[in-house]
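Undergrad: Quick mapping for you: the protein sequence lines, in order, are chains A and B.
98 is the number that our numbering gives to position 99 of the first sequence; each next residue is one higher, with no gaps.
Each number in our numbering corresponds to the 1-based position in the second sequence with 47 added.
Misleading hints may appear alongside valid ones.
Claimed, not checked - Residues on chain B that point at chain A, a partial pick, calculated with CB under 10 Å:
| id | residue |
| --- | --- |
| 1 | Pro49 |
| 2 | Pro53 |
| 3 | Ala95 |
| 4 | Val96 |
| 5 | Leu146 |
| 6 | Tyr166 |
| 7 | Lys167 |
| 8 | Arg172 |
| 9 | Phe183 |
To be verified - A short list of chain A residues far from chain B (calculated; beta carbon distances all over 12 Å):
| id | residue |
| --- | --- |
| 10 | Gln23 |
| 11 | Val48 |
| 12 | Gly122 |
| 13 | Asp170 |
| 14 | Arg172 |
| 15 | Ala235 |
| 16 | Leu274 |
| 17 | Cys312 |
These are computed hints drawn from the structure, not numbers from a lab.
As the structure is a computational prediction, the values presented were derived from the model and not from experiment.
Glycine residues also receive a C-beta, built at the ideal position from the N, C-alpha and C atoms.
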Amino acid sequence: MTDKERVIVPETIGVKRLRTDQLQANPYNPRTLFDKAPLKTLQESIRHVGILVPLTVYQRGADGQFIILDGQRRWICAQALGLSYVPVNQITEPNLVQNIVTMFQIHKLREDWELMPTALKLGLLMNELEEKADRKLADLTGLDIAVVIRCKKLLSYQKEFQELMLDPNPDNRVKADFFIELFPFLHDRVVSKLSGFSNLKLTKKMLEKYQNPKGGIKSVTDFRKAKQYVTNARKAGVTATLKRRLNEFINNTELTPEHLLIPEADVSAQARSTLIIISKAIKQLNELDIDAFVGEEKLWTALESLLASIRNCLRAAGRRIKE
Amino acid sequence: MPIDSPRVQSWLDRFEGYRITVTDARIRSWISNFQGNDSDLGARVLDAVTFVRYEDMEEALQYLVSALPGWNKDKTQRKGRWRFVAFSMSAGESGDLLLNKSRTALGLTSRRFDEVFIYKADLLRERLGPTDNVVFIDDFAGTGEQASRAWPGLMELLPENPKTYLLLIAAGERAIRIIEQETKLYVRAKQVLKSTDDIFSDDCRYFTDDEKRRLLSYCRRADRRYPRGYGNCGFLFVLANKTPNNSIPVLHADHRRWVGLFPRG
Chain A
0 MTDKERVIVP ETIGVKRLRT DQLQANPYNP RTLFDKAPLK TLQESIRHVG ILVPLTVYQR
60 GADGQFIILD GQRRWICAQA LGLSYVPVNQ ITEPNLVQNI VTMFQIHKLR EDWELMPTAL
120 KLGLLMNELE EKADRKLADL TGLDIAVVIR CKKLLSYQKE FQELMLDPNP DNRVKADFFI
180 ELFPFLHDRV VSKLSGFSNL KLTKKMLEKY QNPKGGIKSV TDFRKAKQYV TNARKAGVTA
240 TLKRRLNEFI NNTELTPEHL LIPEADVSAQ ARSTLIIISK AIKQLNELDI DAFVGEEKLW
300 TALESLLASI RNCLRAAGRR IKE
Chain B
48 MPIDSPRVQS WLDRFEGYRI TVTDARIRSW ISNFQGNDSD LGARVLDAVT FVRYEDMEEA
108 LQYLVSALPG WNKDKTQRKG RWRFVAFSMS AGESGDLLLN KSRTALGLTS RRFDEVFIYK
168 ADLLRERLGP TDNVVFIDDF AGTGEQASRA WPGLMELLPE NPKTYLLLIA AGERAIRIIE
228 QETKLYVRAK QVLKSTDDIF SDDCRYFTDD EKRRLLSYCR RADRRYPRGY GNCGFLFVLA
288 NKTPNNSIPV LHADHRRWVG LFPRG
């Protein structure tokens, strides 16, 4: 075992049986909600054959409680079935890094609306390990690299905005998506250097535009439009007009991203023609008789290349790529 | 009892400081929601409203914090580490503001108390253990649903199992029971609203059965979905910063069919 592995893997003590009520859920577990249907299936299985795979637990030194590192669903089912004892594999108490890494690896996914607690755990891990590289963090936690990047974006916001994502009241809570979508606009080279607007002030103004029923930001994806218009205006060299419009857009709650669309920088015609080409290609591909073309090597190579280009485009645009 | 100037003035005095100023004209406009002789019923509703001013909230917080076992302003006298955190924000307030208000209310504005007042986002990093204490501060709990639902998320931020308190200016008796049953929060509320505070319950003797029936029909006009207030709480309770949605809707609903005196929005 390498030194690095030793840091992130707790040691095994042994298998035994513990009373069900002696166990406690792991608060580092990023997964707090469990779907009822799969739980019911698992419960039926446990009812018939018992718990086949022991739960992984450790005893917390501070208060002697047994904490579940892996097997929370089995434990929930055991409780529901009234089982007095469950088989456990006890390991040594993990340190902070071991605990968080293990939890991340067991539960790789969570919904974006509750991404902030995951981001905070990732932040803690980054500090403890002094590791900032996206790829390394993704490997370490088992999180998708895109999730790591989203978490890091959330961590870049001031505490008062992080607080908004953690509000217990759903009416007050602001979804992580808002801050993730806002990020590229906020960090645009023209927007970020706009005089008179700190990052904090800009974020507050955008939040106001989003939360006010009459505000110009109706959906979090509106920031994509805003960012596109700003980028295109910068590329078209109309920076002075852009800065004036940005000031107006930020200060006037009701102005929509369309206010940032400067005619000289409008790419909508090009987008429309590209869309027509793509639609035709999709239609043609859907109608393709695969067997009739299976030997057309150049066609398949081109399609592979097209797929790679599509992935690159989507990734660069910050879109989520579903496998 | 007539709805005369002294009576209106007594309401104006009592409701002074609500986030949307209560004026003579707004009171009269609100009373006009009630038809004919029922204006007296509306007036009696206002007579029975419990209104909590900002200064009352500050006093309540001071009282609640001073009663926490192990807390002391003097760091050397405290048992374990103590952290105060805003639980949820009120309308138009940031978590920052609520936290600062609490600090002022508790007389802990000096810089030496900076470490005591933290954000929820700081909790994980603080790594508070079983001998430490986290005090969440909020204004009101009507049903306890919100705190119970939020608990798994909060627990994630407190993995080392510190003692957790929820301080509330006021709370429904049922809410306290539910929160303490379903979370590890010890609830401390300055004012506990009981079944007698639910104006539609049999325990409430302030209104007759006939008045309750008539009032309920007005409540339905104000809010068809929650005519007895959210969670069927039936409270007549207003906080200067916001009316809880557990209070009856004739107080806070505000739309074209009903003029609200204490709008929440």
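Undergrad: Confirm or reject each hint.
TA: Against the structure, the hints:
1. Pro49: 40 Å, violated
2. Pro53: 39 Å, violated
3. Ala95: 27 Å, violated
4. Val96: Interface hint status for Val96(B): violated (23 Å vs cutoff 10 Å).
5. Leu146: 9 Å, holds
6. Tyr166: Hint holds; Tyr166(B) Cβ to chain A Cβ min 4 Å, cut 10 Å.
7. Lys167: Since chain A brings a Cβ to about 4 Å from Lys167(B), closer than 10 Å, the hint holds.
8. Arg172: 6 Å, holds
9. Phe183: 9 Å, holds
10. Gln23: 9 Å, violated
11. Val48: With a cut-off of 12 Å, Val48(A) remains clear of chain B, as the shortest Cβ separation is near 29 Å.
12. Gly122: 8 Å, violated
13. Asp170: 9 Å, violated
14. Arg172: Label violated. Min Cβ-Cβ 9 Å, cutoff 12 Å.
15. Ala235: 38 Å, holds
16. Leu274: 41 Å, holds
17. Cys312: 34 Å, holds
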